[in-house]
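Engineer: Work out the full structure, taking the sequences as your base and the hints as a guide.
In my numbering, the protein residues as written are 1 to 341.
It should be emphasised that the hints constitute simulated quantities derived from the structure, not laboratory data. As the structure is a computational prediction, the values presented were derived from the model and not from experiment. Certain hints may be false.
[To be verified] Computed beta-carbon distance windows for the label pairs:
1) Glu145 with Glu116: 27 to 37 Å
2) Glu51 with Ser97: 50 to 60 Å
3) Glu56 with Gly263: 23 to 33 Å
4) Arg85 with Gly301: 38 to 48 Å
[To be verified] Below are the DSS-like pairs computed for lysine-lysine, each with C-alpha atoms no more than 25 Å apart in a straight line:
5) Lys262 with Lys278
6) Lys278 with Lys69
7) Lys196 with Lys133
8) Lys230 with Lys262
9) Lys230 with Lys278
10) Lys262 with Lys287
Just so you know, even glycine gets a beta-carbon here, dropped at the ideal spot from N, CA and C.
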Amino acid sequence: MLTDRQLLILQVIIDDFIVSAQPIGSKSLSQKKEILLSSATIRNEMADLEEYGFIEKTHSSSGRIPSEKGYRYYVDHLLSPQALRTDDIKKIHSLFSERIYELENIVQKSAQILSELTNYTAILLGPAVKENKLKKLQIVPLNQETAVAIIITDTGHVENRIFTLPENIAPEDIEKLVNILNEKLSGVPISHLREKIVREVAEILRRNIQEYDDLLRVITETVDVPSAEKLFFAGKMNMLNQPEFHNIDKFRSLLAMIEQEKGIYELFKHTQQGIHVKIGRENNHEKMEDCSLITATYSIGEEPVGTIAILGPTRMEYSRVISLLDILSRDMSIAFTKLYQ
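Structural biologist: Okay, structure coming up:
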């Protein structure tokens, strides 16, 4: 159990390091207005904090920096919500004052604004397409052999799928097909389209289109849209602004993980509802040992549908980032619920 004096010193050390990125010693701490203690007393308390594992010595300085354990304690017990500037709040609110009806457009713009406000990397996980419902399907012939199916969902997601047309298919048969599909499949979840086509649409096609077999096969394959959630990034290069990543090899290693996307999906796989902070090795990825990841979920109604995340150094402005994620996730949830529920 830390004493009040030790708690104060730990908080000041972490607050200072977040801003300066420099180790701090007892002499510098004694000059802080928050700490009315002698340098010798502070030195003794710092020795205890180091022994407990909350701060650690660097190789290049006699000062101390927060440890991963120190950051964890700071986030769990010492953090206070930061009051955001009016301009920051207005910038977030402005996202939802525009007449944007495509969920993906809002998510992408949210990532960009979040990255600008934090100077970290913003990552947003959009809803899985399989959760969307079909709004409209169009088929546009490109030539005599190929066509593109344009699949539009209720959340504004647009999927373009090029496919090979069956031989000798008449233009009027394509028109019949589109009308039948829109009549029978509008409002059906994307994940259920294949089943619905086989069970209900096939018989209607058989009655209305002569060469329906090949057409049924290609359209069933075409509507089989990948169901994975989509990732949106902004500020991938922002980590270069952080002293921890001035080592280019270290930065490239982290960027490679982000670019592969699979690693990011793994980080998000078990995201729980609400705001959560993972620090350093808690991310269970060697390339994330010097990073923290703060996540928040957004919902449509009561159902969580996506995740907002900020990736930054362990020396992150936790209070500010948490406040920004809190207001953005609430605004997104309200806006999406109005649009899509």
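Engineer: Of the numbered hints stated earlier in the document, which are not met by this structure?
Structural biologist: 1, 4
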